[in-house]
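So the protein lines, in turn, are chains A and B.
The first sequence: position 94 = 94 (our numbering), numbered continuously.
The second sequence: position 12 = 12 (our numbering), numbered continuously.
Treat the hints loosely; a few may be bogus.
Claimed, not checked - Listed below are the simulated DSSO-like cross-link pairs for lysine-lysine, each with C-alpha atoms no more than 30 Å apart in a straight line:
id, chain 1, residue 1, chain 2, residue 2
1, A, 443, A, 311
2, B, 140, A, 280
3, B, 55, A, 275
4, A, 313, A, 397
5, A, 280, B, 165
6, B, 140, A, 248
7, A, 280, A, 313
8, B, 140, A, 165
As the list claims (entries may be wrong) - Which residues of chain B face chain A? A partial, calculated answer using Cβ under 8 Å:
id, residue
9, 139
10, 141
11, 157
It is worth saying that the hints were derived from the structure and are not from the lab.
Even for Gly, the Cβ is constructed at its ideal location relative to N, Cα and C.
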Amino acid sequence: MYRYDQFDATFVRERTEQFRGQVARRLAGELTEEEFRPLRLKNGLYLQLHAYMLRVAIPYGELSSKQMRKLAFIARRYDKGYGHFTTRQNIQYNWPRLDDVPDLLAHLAEVEMHAIQTSGNCIRNVTADHLAGVIPDEVDDPRVWGEIIRQWSTLHPEFSYLPRKFKIAVIGTDTDRAAMRTHDIGLKIVRNDAGEMGFAFYTGGGQGRTPIIGPLVKGFVAKEDLLSYLDATLRVYNMHGRRDNIYKARIKILVQSLGAEEFGRQVEEEWLRIKDTVLKLPEAEVARIRSYFAPPAYETLPAYIPEFEAKKKADADFGRWVRANTDVHKVDGYTAVSISLKPVGAAPGDATADQMDVMADLSDAYSFGEIRVTHRQNIVLPNVRKQDLFDLWTKLKAVGLAEPNIGFVSDIIACPGLDYCNLANARSIPVAQRLSRRFSDPKRLSDIGELRLNISGCINACGHHHVGHIGILGVDKKGEEFYQVTLGGSSAEDISIGKILGPAFSYDQITDAIETVIDTYIDLRSEPSERFIDTYRRVGIEPFKEKVYGSSKERRPAAE
Amino acid sequence: MVVLRNGVPQPNEWVRVADDAALPEGAKAIVSLERWQAEREILRQRNTAIGVSLKSDQSPLLLADDLDHLSLVALEFPKFTDGRAFSYARVLRDRLGYRGEIRAVGQVLRDQYLFMTRVGIDTIEPPAEKRVEGYAEALKEFSVFYQPTNDRRETALRLRHGLDKVATAAE
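Required output: the full structure, derived from the provided sequences and hints.
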């Protein structure tokens with residue numbers, strides 16, 4: 001993984017000291033809260049319902065075991081012993097004190113981490129496919145480009161006061177595990193007809209109250225032109241994005257109002273002016289950064305390991321976990337292991353300091369010390385030998401980290417909701433907890449199969465409800481929490497925005513309603529291998545509506 | 001009122017003139033874009049330097065044909081969160097090749113000052129209630145820069161690969 005050189009290390013130290021100064025000036029009254037707010041936000045510090053919340057950047061979702069231990073240390077020392085992994089592959093702490101934050105950041109800097117641009121109206125921490133570098137059929141490793149983008153976007157002098165936040169995601173395969181087209185810029189690494197590597201730019205996607213699937217604005221940008229094309233895109237947005245209405249300020253609104261073609265034309269015009277300047281990326285720098293992502297020292301192993309296959313058959317629980325929680329690896333004899341942070345009844349994405357330490361130790365023992373965070377709020381050990389899986393599983397089970405539910409209905413994305421967030425209309429976590437208890441039987445889960453269930457506590461859609469196969473949106477009705485259900489969304493390569501099922505449900509009705517939806521799917525599917533989303537796309541929303549609300553609507557819930 | 005150049009306070013030689021006020025005799029004057037456009041011919045006849053102030057929704061491209069006559073372009077920050085002028089400064093320098101003075105006025109805060117110097121802004125008018133010493137400190141907070149702009153600060157990338165030495169010869 002990437003290691004800081006003298007420049008990066010100096011920079012992060014200077015940024016930490018700058019923030020220490022900003023906090024001191026705030027505490028001394030030299031800065032008003034209004035002036036301090038964007039400064040602290042650009043360093044990941046929110047003021048939430050009960051306390052400050054600090055979001056720490058995990059660039060493109062990659063962590064070393066050493067960094068994970070530091071995150072555990074911070075959870076113990078500055079929080080209440082846990083942290084929360086987010087849909088943008090970051091981690092947030094819900095209980096730091098303002099005057100502790102500069103020291104906390106200094107601890108992070110020791111392990112080459114920071115909280116730069118994890119919030120605020122600037123280019124946010126870049127995300128990527130969590131299987132980058134280990135998945136077969138990758139055109140190129142998104143981490144290399146994620147790091148280049150991280151450096152280019154860090155304290156960008158021109159783009160630090162954008163109309164609104166700006167999120168970039170990078171993928172390197174046809175399969176999209178990073179919800180690429182829900183980003184302000186989604187980058188897909190591609191090859192052109194000449195076989196050269198470059199980027200397809202999907203610009204102007206987003207969720208929130210106006211979910212939009214990012215349109216393809218330019219099919220191929222050569223790799224040396226990545227930064228100039230990004231610069232041109234951001235310049236057009238910074239000058240022309242709306243600033244009069246916070247809800248219309250994202251780039252997606254600009255792209256929609258101009259049309260993707262006209263927007264692309266404006267970017268192109270700007271880009272042609274700057275593409276052959278100092279922004280052109282030297283091959284030597286790409287090579288330097290790429291060298292940090294060289295594969296670890298894999299052993300030569302057979303693809304088929306009889307003892308491992310036998311163990312899977314002998315121990316049904318182990319077999320189920322392997323089927324649900326491991327991904328195919330580009331190197332024979334290895335696999336990428338997902339550690340579910342969604343055990344039954346837990347808050348999705350939470351990990352205790354002890355669990356973080358265990359994951360760090362297991363990563364050292366079994367995965368070359370490498371760890372990834374997924375946008376579905378789970379953890380991945382990307383390089384595990386198949387022959388080690390049983391030992392790893394046994395150790396994970398001992399600390400409650402062996403839930404075999406990756407990709408299943410209880411692998412829920414949920415925002416913090418009304419329990420923490422001052423924007424939320426409704427609680428998300430308790431809804432997720434109830435659902436995960438209702439769908440706790442591993443056999444039932446694997447029978448239902450792949451099903452993405454996402455919960456947002458308000459229309460800002462931090463819980464990705466628009467793109468869940470089943471989405472749940474918390475709304476407030478006269479001071480009471482209600483939950484609207486959408487069906488048919490997807491954030492993967494078959495991306496779609498979910499459709500509203502009908503009137504919202506009360507907190508006490510929502511679990512039953514979801515169960516009815518899922519039972520309906522089981523009845524309707526053509527065969528057990530037809531996924532929920534495929535059945536939905538085949539039969540449409542009506543059969544679900546009928547089952548949930550009754551054909552004559554006499555069972556319609558009280559709320560509209 | 002003072003202005004800051006490279007963090008150093010200097011007397012302000014420029015007078016901002018309201019649209020309905022007479023131009024002060026012999027003084028460097030900054031007028032609005034509207035006034036410049038209405039009175040361009042008269043203003044160009046003056047023997048004293050003239051500058052134009054752009055509101056944050058007025059692109060410098062509106063001045064593309066006028067820049068030869070302007071000794072200063074002022075970019076307004078109505079709110080410090082309105083960052084359009086950061087791009088306007090770059091458009092002025094890089095696209096329009098403007099070499100006169102670019103000044104930031106309005107809600108120009110200490111923690112934005114380094115960014116301003118990086119995109120090509122020469123002088124700023126800090127709000128009266130702010131401690132000007134802080135602005136000079138802000139320029140010293142960083143020694144490492146990742147983005148190439150037009151401010152001659154070398155980027156980490158170029159220093160890493162020794163391009164700082166190569167490029168000077170090429171320029």
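Okay, the hints, checked on the actual structure:
1. A/443 x A/311: holds, 18 Å
2. B/140 x A/280: holds, 28 Å
3. B/55 x A/275: holds, 29 Å
4. A/313 x A/397: holds, 18 Å
5. A/280 x B/165: Answer holds: residue 280 of chain A to residue 165 of chain B is near 17 Å, not above 30 Å.
6. B/140 x A/248: Not satisfied, since the Cα-Cα distance of roughly 36 Å exceeds 30 Å.
7. A/280 x A/313: Roughly 54 Å between the alpha carbons, so the hint for residue 280 of chain A and residue 313 of chain A is violated.
8. B/140 x A/165: holds, 27 Å
9. 139: violated, 12 Å
10. 141: Holds - the Cβ of residue 141 of chain B comes within 8 Å of chain A, reaching about 5 Å at its closest.
11. 157: This hint holds: residue 157 of chain B lies near chain A, its Cβ roughly 5 Å from the closest one there, short of 8 Å.
The structure is inconsistent with the numbered hints 6, 7 and 9, although it conforms to all the rest.
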